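Student: Here the protein sequences come in this chain order: W and E. When we follow our numbering, the leftmost residue of the first sequence carries the number 6, and every step to the right adds one. When we follow our numbering, the leftmost residue of the second sequence carries the number 6, and every step to the right adds one.
Worth flagging that the hints you see were computed from the coordinates, not collected in a lab. Errors might be hidden in some of the hints.
Which copy is meant is left open, so a pair is good if it fits within one copy or across any two.
[What the hints assert, rightly or not] Pairs of lysine to aspartate or glutamate residues, derived as EDC-like cross-links and limited to a Cα-Cα distance of at most 20 Å, are as follows:
#1 Lys135 <-> Glu24
#2 Lys213 <-> Glu152
#3 Lys135 <-> Asp10
#4 Lys135 <-> Glu152
#5 Lys135 <-> Glu176
#6 Lys17 <-> Glu187
#7 Lys17 <-> Asp215
#8 Lys17 <-> Asp181
#9 Lys17 <-> Glu180
Only a predicted model underlies this, so the values are computations on that prediction, with no experimental measurement involved.
Protein chains: 2
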Amino acid sequence: MLDNDQLLHIQKEAFPEMERRYRTRLINALSGFKSLNLLGTVSTEGVTNLSVLSSVVHLGANPALMGFIMRPVSVTRDSYNNIMATGYFTFNHVLESFYQNAHQASARYPSEVSEFSATDLTAVYSDRIKAPYVRESKVRIGLAFREQLNIEANNTILMVGEVVEIFCPEECLQEDGYLDIEQAGTVTVSGLDSYHQTQRLARLSYAKPDQTLEVIS
Amino acid sequence: MLDNDQLLHIQKEAFPEMERRYRTRLINALSGFKSLNLLGTVSTEGVTNLSVLSSVVHLGANPALMGFIMRPVSVTRDSYNNIMATGYFTFNHVLESFYQNAHQASARYPSEVSEFSATDLTAVYSDRIKAPYVRESKVRIGLAFREQLNIEANNTILMVGEVVEIFCPEECLQEDGYLDIEQAGTVTVSGLDSYHQTQRLARLSYAKPDQTLEVIS
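For reference, chain W alone in the conformation it holds in the complex:
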């Protein structure tokens, strides 16, 4: 049914009628373009693990907090157990140069298989974080686990971590603190499987009432 603006109008009563994967694709695209990170963890036995995350979200700058959504009974369960055991995890931006490897990391490998070797990505470590970074990524964040919140509506979990350290290309860090992730090659994802590079429209000045916006060069 089209509305006055000639848009398709889909109501929730239609959702149960949809084929399962059709519904999953549609609903996954609704939030907009999503961040794309590889979650790096390691088990107490030393088996490294990578999971693809499109739900990483900024929570606050002071303290520096970030979160992500986890489904406990899914491919991310190894990651969850590792975070609980070690207290640490890493986010690694997915770049255009290896986005297909990152997508492959979403396959359901057995627990004893490291997604690093399965997807031809390289684990590197810092002194501070008991979790592997992805060498191929140029924007890497090491976090310490802080808290988890259970979302009752569907039994997913918001995992919260505090940023302990950042690795990034020096030339991407601008004078005012903005990190140019487009220049770093970071990609974005929409829905379950659509990968996109970006092209900057503009940076805009801080908005105030009755003041015209300016483009930050």
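Please arrange chain E on chain W, whose structure you already have, making use of the hints.
Tutor: Same frame as chain W, but now just chain E:
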């Protein structure tokens, strides 16, 4: 300090030393490219409100749940009060055609001023949702409030809503359920103020161990 991969290494002990806005810009860029939505709400007195959100996140497809992060004592407080009073809110994708208007909506207008009129955007309503949609947006989602979770680490809130209805361009909905938000003109944001259009690299087939990925055309 540069590490073995010639990356800048920033440790958390440096954060308190940074100028406040510098730190805010840096930390806000870490999550990657972010979704960009206008949050539409209305007060019981009928005053409409728009807030810019870069934290909308997919929570689940069945039931269809989405969330966003809210700071209670900020420009989004009017939105919070409206959602609590009405039980409803809308997400409206920001398109390239009006991203500057959307950025302007982040200015701190007094409660009695509607951001719609202040930013030259148009409120439209459906029969089901007690909250305004943005007519200029072509991907609009109406949600019913479900729950809120308090993040103790910094006193922000994860707001959870259930999708009640969707408006989208018919030509953007593909046969397999994927909604082509790039074709719809949806933009993405990085950091606090950098807006980006996108260019699709590929859609990739469902990943399985020991199976080669294919590009979905």
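Student: Is it within a copy, between copies, both, or neither that the alpha carbon of Lys135 lies no farther than 20 Å from that of Glu24?
Tutor: Result: close neither inside a copy nor across copies, 42 Å intra and 29 Å inter.
Student: Checking an output row: Lys135 and Glu152, CA cutoff 20 Å. Within, between, both or neither?
Tutor: within (17 Å within a copy, 34 Å between copies)
Student: One pair to classify: Lys17 and Asp215, alpha carbons no more than 20 Å apart. Within, between, both, or neither?
Tutor: neither (40 Å within a copy, 37 Å between copies)
Student: Using 20 Å as the alpha-carbon threshold, which applies to Lys17 and Glu187: within, between, both, or neither?
Tutor: The answer is neither: 36 Å in one copy and 23 Å across copies each exceed 20 Å.
Student: Regarding Lys135 and Glu176, is the shortest C-alpha distance of 20 Å or less found within a copy, between copies, in both, or in neither?
Tutor: Close neither inside one copy (27 Å) nor across copies (47 Å); limit 20 Å.
Student: Give the relationship of Lys17 and Asp181 under a CA distance limit of 20 Å: within one copy only, between copies only, both, or neither.
Tutor: Cα proximity of Lys17 and Asp181: across copies only (18 Å, versus 44 Å in one copy).
Student: Check Lys17 against Glu180 for me: Cα-Cα at most 20 Å, and say if that holds within a copy, between copies, both or neither.
Tutor: Cα proximity of Lys17 and Glu180: across copies only (19 Å, versus 47 Å in one copy).
Student: How would you label the pair Lys213, Glu152 (within, between, both, or neither) given a Cα cut-off of 20 Å?
Tutor: neither (35 Å within a copy, 32 Å between copies)
Student: Quick one: Lys135 to Asp10, C-alpha cut-off 20 Å, is that within a copy, between copies, both, or neither?
Tutor: between (53 Å within a copy, 19 Å between copies)
In terms of the numbered hints stated before, the structure departs from hints 1, 2, 5, 6, 7, listed from lowest to highest.
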